[in-house]
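Undergrad: These protein sequences, in sequence, are chains A and L.
Take 1 as the starting number for the first sequence in the numbering used here and just add one per residue.
Take 1 as the starting number for the second sequence in the numbering used here and just add one per residue.
A portion of the hints provided could be inaccurate.
Which copy is meant is left open, so a pair is good if it fits within one copy or across any two.
What the hints assert, rightly or not - Listed below are the simulated DSBU-like cross-link pairs for lysine-lysine, each with C-alpha atoms no more than 30 angstroms apart in a straight line: (1) Lys304 - Lys30; (2) Lys250 - Lys298; (3) Lys114 - Lys322; (4) Lys250 - Lys131; (5) Lys298 - Lys322; (6) Lys139 - Lys114.
Note that these hints are calculated values from the structure, not bench results.
Residues per chain, in single letters:
Number of protein chains: 2
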Amino acid sequence: MPMNRSPAEQIPNIADILAAERRIGLNIRKTPVISEQLANNILGCELWLKCENLQRTGAFKFRGASNAIARLDESGTTGDVATHSSGNHGAALALAASTHNRRCRVVMPENSIKTKVEAVRRNGGDVVFCKPTQQDREKGLAEIVAGGCIPIPPYDHADIICGQGTAMVEFSDQCENLDIVLTPVGGGGLISGSAIAARALIPAATVFGAEPLGAADTALSLEQGQRVDHYPVDTIADGLRAIVGVLNFKIIQDNVDRVLTVSESGITDAMAFVWRHFRMLIEPSSATVIAAIIEHRKVFEGWKVGAIISGGNLDLENLPFKP
Amino acid sequence: MPMNRSPAEQIPNIADILAAERRIGLNIRKTPVISEQLANNILGCELWLKCENLQRTGAFKFRGASNAIARLDESGTTGDVATHSSGNHGAALALAASTHNRRCRVVMPENSIKTKVEAVRRNGGDVVFCKPTQQDREKGLAEIVAGGCIPIPPYDHADIICGQGTAMVEFSDQCENLDIVLTPVGGGGLISGSAIAARALIPAATVFGAEPLGAADTALSLEQGQRVDHYPVDTIADGLRAIVGVLNFKIIQDNVDRVLTVSESGITDAMAFVWRHFRMLIEPSSATVIAAIIEHRKVFEGWKVGAIISGGNLDLENLPFKP
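Chain A extracted, bound-state conformation (with noise of 0.2 angstroms):
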């Protein structure tokens, strides 16, 4: 590693993930991991589903945000906190703050769906919008961190990638022998994390990540062999329309064997096969994985797989599916 870089942008690994586990543990939630054989039948693959949509404020990213606040507190860092996110990372990271006593501002795109809107407020985040690109997100939050506030980014840094990664480790205990495990692809925190601890604790497992074809940067950036910083971003899986992170690509192009990309169809009629079968409303972002084992059977044919499901958060208003 060079001299000049920070412990944030360094690629960690497993003992740092299993040290973030002990850490949160007793904040988090241990998600659930369930099956279905009238799923499996349909899919033909054994599919476990790690539940993070049942994770506190309702997706995976607690997990991360509640790592980088408890790391503050042990580095005797005082303050408050900001971010900028589409909604999932800014309601986690105003939970993490306020259990620890913290204040935590949130820079959000205008678009935002209203119920994580509602999310960060209710967790007790003050949320400033902003116009729904990358360089308002970054320049809104750079206007607050100016203003004294610690930023906590979203997914570009090891103590969110860290704490996402904790999923993996209960995944891989909660269910043996998986063949193969996929995430989810947006900014690449949850499959960067996940990538590392899998490699460690079920290393005959496949790596897979699901991205939407309407914001494929990650695949994009594999087949390219770098990081692509833009890219015309057009799906309604709210929670990915990120481009993924430095630290995360690095990261990803070592241990993740492919990222698949799904329709926007297949998205949607995912949600719907989720809700049928296992009676779970899952946002568009985590319907990827299941759409991918739909749009990729062949892949994942009669191997035993385990997906994460990332989160839940979604209006109710206006569900993109038929049920």
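Please build the complex by placing chain L on the supplied structure of chain A, with the hints as guidance.
TA: Frame of chain A, contents of chain L only:
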């Protein structure tokens, strides 16, 4: 016991319920138990939810149905099965039957919700519609039974009661030192099995039921000291419109401390509360337990409360609450 009583009419004990647990253990899902500090702060008690909405077929009913079918196998009774049901018992029996290579016919009221009709069919059952009265349900079933099917009643049967009671066995194992346990009350299968299990396994706990004012036949029966056999039913809680069973009422009289009634607006508000804080969509019948905690706050204040969320089968098109 009078000699002319069949085993199905005899009050089961904890040994019968533990035997049911061993019998159905591999087929059912051990459902998760979750709690949320923000919800607890609002409710004024420490609430733990046993999520039978995440049981196979989306309701606790799969426990009783699985036990009843497995008992037929044990006794060497061959043949197809039939029942009447507003939906959850029907879907549960259909799946339990099909996994044991039996056909299943389900008499359903014409006003059953669409999701539940589809669920019966998806799980391999044949639907026979009838007019939405208790008399027409029973008449429809009698006709099918006359044709040679084995009737599996939805609640008034020892095997069903034992199966449902396994939910409380698991709950008492997953969550220590509960001061109060409560479940919804419809026909009384869940509450009666749960009450027997709770009395044996957590004898210090108070056992409550929750019932809509618009279907408060059990509360009225307890008040009058004898089971009423009709009631002017008017409630959104479609799973609780049945009249309490004969065997079930006896068990409730002896083992349940109180049945708390709740309003219709309390039920829909409770659905919104569970969606907001736990990101689970639960059916109105399930929401009665949360409504009871909100509408009878003083009864629960300061206690550790275990509530069984009975099911998650509802039509998404017309959600009865504002998220």
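Undergrad: Give a verdict on every hint.
TA: Evaluation of the provided hints:
Taking the shortest Cα distances, Lys304 and Lys30 sit within 30 angstroms of each other both inside one copy (21 angstroms) and across copies (20 angstroms). In this homomeric assembly, Lys250 and Lys298 come within 30 angstroms of each other (Cα to Cα) only inside a single copy, at 28 angstroms, whereas the closest approach across copies is 55 angstroms. Both within a single protomer and between protomers do Lys114 and Lys322 lie at most 30 angstroms apart by alpha-carbon distance, with minima of 21 angstroms and 13 angstroms respectively. Within a single copy, Lys250 and Lys131 get their C-alpha atoms as close as 29 angstroms, which meets the 30 angstroms cut-off; across copies the closest is 63 angstroms, which misses it.
In this assembly of identical chains, the alpha carbons of Lys298 and Lys322 lie at most 30 angstroms apart only when taken from the same copy (26 angstroms versus 42 angstroms across copies). For the homomeric pair Lys139 and Lys114, the shortest alpha-carbon distance inside one copy (22 angstroms) is at most 30 angstroms, but the shortest distance between copies (49 angstroms) is not.
Hint violations for this structure: none, all hints satisfied.
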